[in-house]
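Participant: These protein sequences, in sequence, are chains A and B.
Numbered per the numbering used here, the first sequence spans residues 59 to 1138.
Numbered per the numbering used here, the second sequence spans residues 3 to 329.
Just so you know, these hints were derived from the structure itself, not from any lab.
One should not assume that every hint holds.
As the list claims (entries may be wrong) - DEER-style ranges, computed between Cβ atoms:
1) 840/A to 206/B: 21 to 31 Å
2) 73/A to 279/B: 34 to 44 Å
3) 291/A to 119/B: 55 to 65 Å
4) 402/A to 307/B: 31 to 41 Å
To be verified - Pulled from the structure, derived: some chain B residues nowhere near chain A, Cβ distances all over 10 Å:
5) 6
6) 69
7) 96
8) 113
9) 149
10) 155
11) 166
12) 175
13) 207
14) 213
15) 285
16) 305
Unchecked claim - In silico BS3-like pairs for lysine-lysine, Cα to Cα no more than 25 Å straight-line:
17) 185/A to 141/A
18) 273/B to 797/A
19) 157/A to 337/A
20) 180/A to 220/A
21) 220/A to 267/A
22) 283/B to 782/A
Predicted, not measured: the structure shown is a model, and the values here were computed from it.
Glycine is no exception: its CB is placed at the ideal position from the N, C-alpha and C atoms.
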Amino acid sequence: MADLPPNAPKDPIVTSSFSTPLMICSVLLMITVAWSLWDEMYGLRPWRAYQTRFAKAYATYLDKEVGRQKKLESDVYSAPEYKKLAAEADFLEAAAKAKDDAIAKQIAVLDSQRAAIGDAFKDARGKIGHLVYMLEIVPEKDKSEKESRLKDLNEAKAGTWKVDWPTADGSIEKDKKFTADQLNDTFTSLMAERAKLVAERGDNDAAGKVARAKANVYLSDHLPGLSAAALEGLRTSARDWDETLIQINVNPSGSSINNLGGAGLVDRCQSCHIGTDQKLVPPQLTLTKADLGMAKSNDAPFTSHPEPDLIKTHTLERFGCSPCHGGNGRAIDSVTRGHGRYEHWLWPLYYRENFDAGCQQCHAADMVTDHAEVLNHGRQLYRQRGCIGCHRYQGFDNQDEQLVSARQQITQLGSDKLQDELDIPRLQKLGDNAPDNEAANRYYAQANNLTVSVSRIDAQSAELERRSHTLLEEIKKVGPDLKDARLKLRKEWIPYWIGHTHEFRPTTKMPQFRLADDQVQAIAAFVWQSGITSPVLEHQPAGNATHGKELFEERGCLACHSMGEGANKMGGTFAANLSRVGEKENYDYIVRWVHNPRQRTRPYCPYEKRDLGPEDYAKHNLPYVFDLDHSKCPNDGHELAVQQPTVMPSLRLSIEDARDIASYLITQKHPDASYAAADYMDDPALKPKGEELVKHFGCAGCHEISGLEDEGRIGTELTNEGSKPIERLDFALYTEDAKRGVLPDGKPSIRNGHEVAWFDSKGFFEHKLENPGVYDQGKYHSNPMDALRMPKPNLYEPGDLEALVTFLLGSTDPTLPQEYMYKPQDRRRYVQEGWWVVTKYNCIGCHQIGIGQRSILMDLPMYQAENKQNLPPVLTTEGARVNPEWLKGFLANPSLSTTDTNRNGVRSYLQVRMPTFYLSDDEIRKLVLFFEAMSSQPEPYIQPKPPAITDTERAMARDLFTSPAAPCLKCHATGNAEHDKNAIAPNFLLAKDRLQTPWTTRWITDPAKIIPGTAMPSGLFKRDGDHWVFTGPVPTALQHYTGDQADLLVRYMFNLTPQEQAALVGRTPTSTKSSGNGGN
Amino acid sequence: MDWRQIWEVVSTPDNVPIVALLFLVPFYTWYAFRQAIANDQLIAIIGSDPGYAKSKYRKTQPWDPKWEREVHTWPYLMRMEFLVAIIITIILMVWSLTLNAPLEEPSNPNVTMNPAKAPWYFLGLQEMLVYFDPWIAGVIMPTLIIVGLMAVPYIDNNPLGNGYYTYRQRRFAIWTFLVGFIGLWVVMIVIGTFIRGPGWMWFWPGQTWDAERVDYAVNRNLDEVFGINGHWLAHLLPASSAPNAAIWARVIFGIFPLAIFFVLAGLLIHKICMMSEFSQKLYKRMSILQLVTMYTFLILMISLPVKILLRLVFTIKYIWVTPWFSI
């Protein structure tokens, strides 16, 4: 036999031992089982560790707090005031005690008696009740049965029940007998007696309770926050903390919170963010990282919610966390999953800088949302930097769309009317020729109906024309009207501006387009050639530039405009920086603009789609006059655009002042500014190319341009941009880089200190806004017009970009149920609507409207210290202060005069001018309602009866009015020029129409409470019982007046006549201006 | 697919089996061959020695004379199965502890994924859709695979190789398996997973899967290559059928290359079957039914790589185009 290979000496199946592999595998299996148990308990439940850590740190913190609070409490308890109060309470309580005890004893006896008869009473009632029922169900005719049952009942009633009856002295009367009726009566009388005793007991210690309550009020006044006992309770619960999943579960009625899977809201965020649990950390405590002795950024989960006010209105029980913050509220197995920052969760947690985005989905109808500064800023940017010019956004200014639809309806109605008018004679004819009366009547009736419907169409058309008028007033463009380019601008400057927008004016609203030189030339040539050339501007003589500068700074131009470059820049960013305006504009045009910015060179007829000139008016023998009162087209009677579409108001300056300001502005230029000659601007061959480009780049979104008045928005609608699927956002050649976290500049993408991918909406928006052409890089376009068109927005302030990104991220298709949307139906709606108008015209450039909000002027150097009195009035209580009817008129015409308009109607002494905004009726309505709502005024306004005053009272009040301690006319204007030189407060004659009496009383008694820092002196009156008396030396006439002196003065003011005031002027010393902010 | 994308694909919990497959298939193939070759050597020694050949060790079976010829189920089989059960339990537990279910967002019919891939085990079928009609690739071929596998025991009349690994005694079966399973099925899955990127386009390893990629490729039917337009047939047909001449011409034309393929592939297979004396012996033992069945399935199996070659290298779309199906 041959040799077998040596590699198989023994039979491996039979001889080999399995013990080692079995041993190893068994051990591994045990380890795996242990691992799975650990994973079940801790690995999948990282929140356990968080909670343990939190409970420990929180208990330590509470230790400190308890100690501190205890010391505070012992201090307060040992204070003599408290001791006195407590002693009084103790005394009264002790005094009441003897009687209280006696009553308590009586009540105890009654209670034991009631308990004793309880069973018997129930038994009797049950038995009798049953027998009555048995009796009742026997039919009347079955007499014998009826009688037998009645007998049963009577027997039962006669029967007795034995009760062990406790008596007042404490002994027990065994087996006392009661009939059913007796039981009933006894029970009732016991209850009545008890109620009487309880009431008596309450009366007995009432005095003690009041005293005790007083002592407790003292305690709560002097011991803010939680008591030591409460803190100790919290500490106990922190120490004994048993790790547990904390879950918010909301199932809104009839709807579901979709982004949470459609089965209602389930948020487990608090399982880790345990500091936000209000049962464990009551709202009175605000936990910070420092409180817990933690400093690292990943210790954040333990703080309480940093905005307790927000949580009050958005309670966690109703809102949870994830609907506002994003994230996967159900996931608790890891931070990444919980925060939803992975590919497959569509609503990831917002980053810190974008937190406000969460507000937008419910507050989409707001322009200004409390607590959401970043979001507000983003909305404002969206509107002001002209994003809205290209990108539609639901709820943002869409008057242009409404106008188009109104015009379509007018056209439609016109053709309907024509049709009807043709049908009427036809039907009448049919009626005339009808074979019988019935048919004839039917035709006549139809003709009549049509006549009526024609008149109804007329009414509809009239309403639509009115609406068009309003809309034409409301439509504002972000940029200037380019029809006037030729009258206004320096020819050579235009191409330079288009190509170097942000270089020329670093804070301009206009975005920078990416254009080739030939494109710039074509656009400039088109703008130039499509400009209006006639009627030519009136030639203006030169003004005084020095006076112009003063006016510019005094009249309030700086509330919107800024002046100066770089560090010297001063003023608001709402409108253009005018530092180099002299380089580009024509003097005559500036004069016209400053004098009346709304003045158009030619009115525009949206119906004929062209600008009208004098020749159109001449055809109809009409003067070439067009304004808000002459706004009908001479050719077709439709509404014209008679104003420039600018928000710049008229300051009602005299033409001389306008020339002075213009003379000042024309000097604002760089000394060495020069522009290359631009002869091509007149090349007609460039015009069509330019027009094509202007259309392509959507210039008409922000500018009014001849022939392009009806151009729509060219950009994509952004209302739901934040919920666009990531697949629909074109990262183009950066797709892979974005997924890898490599930024377009090659650097790593860093958020929150971590390197992360930017392949999400946030990353897309950030880079798109930073450089809108970024997703074109590396792309080849056979037609250059295929390249991305979006220009680079001018986001020059550091927070601008994130604010816009936040706004866009929040612009989601709301996944929350409708009931969560903020659409208030009460007066908050007026606030919501009003903010749109307030921010549209930049009222907050001059006025403080909300509490804590600052106006632009407040921060300017010329309105500091004693010059604060030159600031425009604070409007925080405007709705309560003024009569809304008056306010309506004032907003329409702030000069309160049709003849003398170069002045302030109310505060004639202020240099800064309340301009005329030419608000539409709708806007005035919204503003008035806004102010009313901001001051919680009832709506509608009911004019109160004018306060009356008797002649005696008038005489008394006159003395008070002119008393040396309260020389009202020292500061208040009277209309007498000589006197008013030093006036710093409004004329009393306005009060009657303008002010509301309750507010006026509050104002004269404590003005500093309404407007801190006002020049109006506080403390003129003091409280005496239930009425106010004058603080200073009371004039003799009033010595015996028992009424309310503040009220008297107010009534006097409201009945003041011009004659009387004129007479009084001499009696009051005038003064130099004093410091403070003119309030009333 | 570049490194980051490879990692993305490999680390997806769905793809654990295919990653395991990448390693396990070569490993077990190697392991089986190792054992088979050792056995073959043993067989050679035993077979060459008449002493052994006449002994209780049948001459063609690799039993070591010192080994037990038969052992009891308990404990020898049971203990091994027990050990394997433990190991599998450990693997499954660790797997389920470390990897979560690969859940994704709710599906959105407006945004479909690119590439949209079948589960890994069907990726071979999905890849076949590139080369055949859906009717062929999705219905006929899978059915034939199943029927073919069912037919194996009835075709295979080689009595050797039961209960032990051997290569020499089952060369034909092993090669059929290697080509059919590893060469076609597994390779197709690997291609589907790692080579096919967005738009089901072919990306070589190292090439970034770019959803924006634009490819230009024109595939033609074989009749187009030969310019079959039916002009000639139109003259033969009655006037009423003349408009359909092109279609009929294509139908008729397609039969020829197909027939040629069948003949050539049949010859090739026949040659392979006749390569050794042993296989000739097996061939002679087979009934005509067995032979036809086996040849048919093998020809069909070869048709897949042939079609892949035609499509990828010669950009041929279909060989036989009919109004009802195309091959």
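Participant: All hints, please: hold or fail.
Facilitator: Hints, one by one, checked against the model:
no., hint, in the structure
1, 840/A to 206/B: 21 to 31 Å, "holds, 28 Å"
2, 73/A to 279/B: 34 to 44 Å, "holds, 38 Å"
3, 291/A to 119/B: 55 to 65 Å, "holds, 59 Å"
4, 402/A to 307/B: 31 to 41 Å, "holds, 38 Å"
5, 6, "violated, 6 Å"
6, 69, "violated, 4 Å"
7, 96, "violated, 6 Å"
8, 113, "violated, 5 Å"
9, 149, "holds, 37 Å"
10, 155, "holds, 27 Å"
11, 166, "holds, 12 Å"
12, 175, "holds, 25 Å"
13, 207, "holds, 16 Å"
14, 213, "violated, 6 Å"
15, 285, "holds, 31 Å"
16, 305, "holds, 38 Å"
17, 185/A to 141/A, "violated, 61 Å"
18, 273/B to 797/A, "violated, 54 Å"
19, 157/A to 337/A, "violated, 42 Å"
20, 180/A to 220/A, "holds, 13 Å"
21, 220/A to 267/A, "violated, 43 Å"
22, 283/B to 782/A, "violated, 70 Å"
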